[in-house]
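A.B. asks: With the hints as extra help, turn the sequences into a complete structure.
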Amino acid sequence: MTPLLEVKNLKTQFLTDDGLVTAVDGISYNLFEGETLGLVGESGCGKSVSALSLINLIPNPPGKVVGGEVFFEGRDLLKLTDNEVRAVRGDKIAMIFQEPMTSLNPVLTIGYQIGEPLEVHRGATREEALRESVNLLAKVQISEGQTRVKSYPHLFSGGMRQRVMIAMGLACNPRMIIADEPTTALDVTIQAQLLELMKGLTREFGTSLIIITHNLGVVARYADRVNVMYAGRIVEKGPARDIYADPRHPYTIGLMASVPRLDQDTKVKLIPIDGQPPDLLHIPSGCSFHPRCKYAVERCRFDRPELTVVSENHEAACWVDVRK
Amino acid sequence: MSESEKPALATTESLETRRISQVGMKALVRTLLKHKLSRLGLTCICLLILMAIFAPVLAPYHPNDQDLYNVLKGPSKEHWLGTDNVGRDLLSRILYGARVSMTVATFATLGAIMIGAFFGLLAGFKGGVIDSIIMRTTDTFMVFPGLIFILMMAAALGPGMKNVVIAIILFGWTGAARIIRGQVLAVREEPYVEAAKASGASEWRIMFKYVLPNSIAPMIVVTALAMGAAVGMEAGAAFLGIGVQPPTPSWGRELRTGYSYLERVPLFSIAPGALITLAILSFTLVGDGLRDALDPRIRGEGKKIK
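Chains Z and A, in that order, give the protein sequences.
The first sequence begins at 199 in my numbering and counts up one residue at a time.
The second sequence begins at 31 in my numbering and counts up one residue at a time.
Calculated directly from the structure, the hints in this document are not laboratory data.
Quick caveat, the model's predicted, so the values are computed rather than measured.
Careful: at least some of the hints might be erroneous.
Said to hold, decoys possible - No farther apart than 27 Å at their CA atoms in a straight line, the calculated lysine-lysine pairs in the DSS-like style are these: (1) Lys262/Z / Lys156/A; (2) Lys348/Z / Lys56/A; (3) Lys206/Z / Lys262/Z.
What the hints assert, rightly or not - Far from chain Z by the CB rule (all over 10 Å, computed), these chain A residues: (4) Leu62; (5) Cys74; (6) Leu200; (7) Thr278; (8) Ser290.
Backbone N, C-alpha and C define an ideal beta-carbon position, used for all residues, glycine too.
C.D. replies: Encoded structure:
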């Protein structure tokens, strides 16, 4: 089975006043039809940038995708012209952002905004788009769509706005949705509701989903496969089950140990990962995680490990076998 | 939350300038009317506009009718404000003068704001070379003092009402462009602009549906102030003889002619002068009121003035 999305060696750099920053450094992964992929990592590890790079949304300047290939439906998205990528965005690939409070245009009605992708990509008239947006509101479980489409975003709560964003994303029935920390700004009960909703809808329509998050709980519950990122690189990838049951990279192990688990004795202490996330201007030589790694050996300081298969479908980039 | 008529004003007290959509037009007018001075200004503007529209009905004489037996006379029963140096009824001429003033102010301001908004939007949104070219162009226009600029334009285009409008537009668009550009620079970083990009909207759609509507709130204040400035510039141009040409009545022109007879008939120049002052003052007061209504940080000041 050929994957829906095939990312090969994607590399994105930003030119800052202090120098060249490589935010995404040669990452590769596949995404299959109907699959949910979790991108996990600390703030600034390149999760969002790697996703934005896929559909050419990196502000240029200062940013630029400098290398790699992104095959989607057989075409390399990075080689398309601006207009061709624009035709893909919102139609085949939709994106949901992390700030529902500010991601809607305050001067346009909800209905107009939900229907806009249909006007842009499908040539729908204003009336058709508005009718469809009533249906889409029902899909994301907002009642009274008929009256709600006429209201403005400031009348909606954060959770409702994120539902609206999801409805917008679903408008053109995309093959793939990128959700960039979709629930970060919301409270916990709403988070769960929205994730269930997204999971249900993507299953219903066979849509592939990339969830970008730093919340391991979200990933455990909803992702089929997980990519763990650190300093612009994927350090471990594999089925969510394996990553949780048998993490092979010290960073993943650290992440696991630093969040509470419900199946754990409440007296067990959480263990933070020591040190700071690396300054992307001065990435440590060798394995970029070695200064914070308690398993580090001499080799880690100068020799950078590549992803190697540790078990079926499960890869990690580490010189040390952490099981010993 | 049944119908969308929730009192939007009382909700979040954010520190940024309120967006019109959030304040709501009705609430904006309500706040404006609470402000005593701007209520006064608004009343005066309405009166001036009515004066301009109904000048033919209100004026006792045709503005160019001469009464040669009564030249340079003070107020009387026949001529309430007296007559000018060729025996024309001053009241009628001033009423008709409102037409020129209001017309020039309206068209010049609208033109300047529309052109300024377009170029400001383009400069702020596109950035880079386009931004530099547009902003350096505004610099070039801005080095000239207003009246000198209008004198230059009159020399190039010749006198007349249409050319005064063109001159004021050419002078005024730069301010509007700069203000809009500043707003656009902030708005284009808003998440909803990124969201619009991600949904595949074209640049023009993003500029005119997303960025511009969210950038124009400060323009409402600027429009009111610019109207006042335009009245002043028109009067100034007419005073110097490069505005509206005789015999069309204009406040600036009356003021200039009356000025020669200041000792004999003071009202001849005082009356048009007072109306020019009143018009400019009214627009300024409304502008101030609008600024207060749109900016929660200084909303308290209006109350103190009361």
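A.B. asks: All hints are to be evaluated individually against the structure, with a verdict given for each.
C.D. replies: Consistency of the hints with the structure:
no.	hint	verdict
1	Lys262/Z / Lys156/A	holds (18 Å)
2	Lys348/Z / Lys56/A	holds (18 Å)
3	Lys206/Z / Lys262/Z	holds (16 Å)
4	Leu62	holds (20 Å)
5	Cys74	holds (31 Å)
6	Leu200	holds (30 Å)
7	Thr278	holds (42 Å)
8	Ser290	holds (53 Å)
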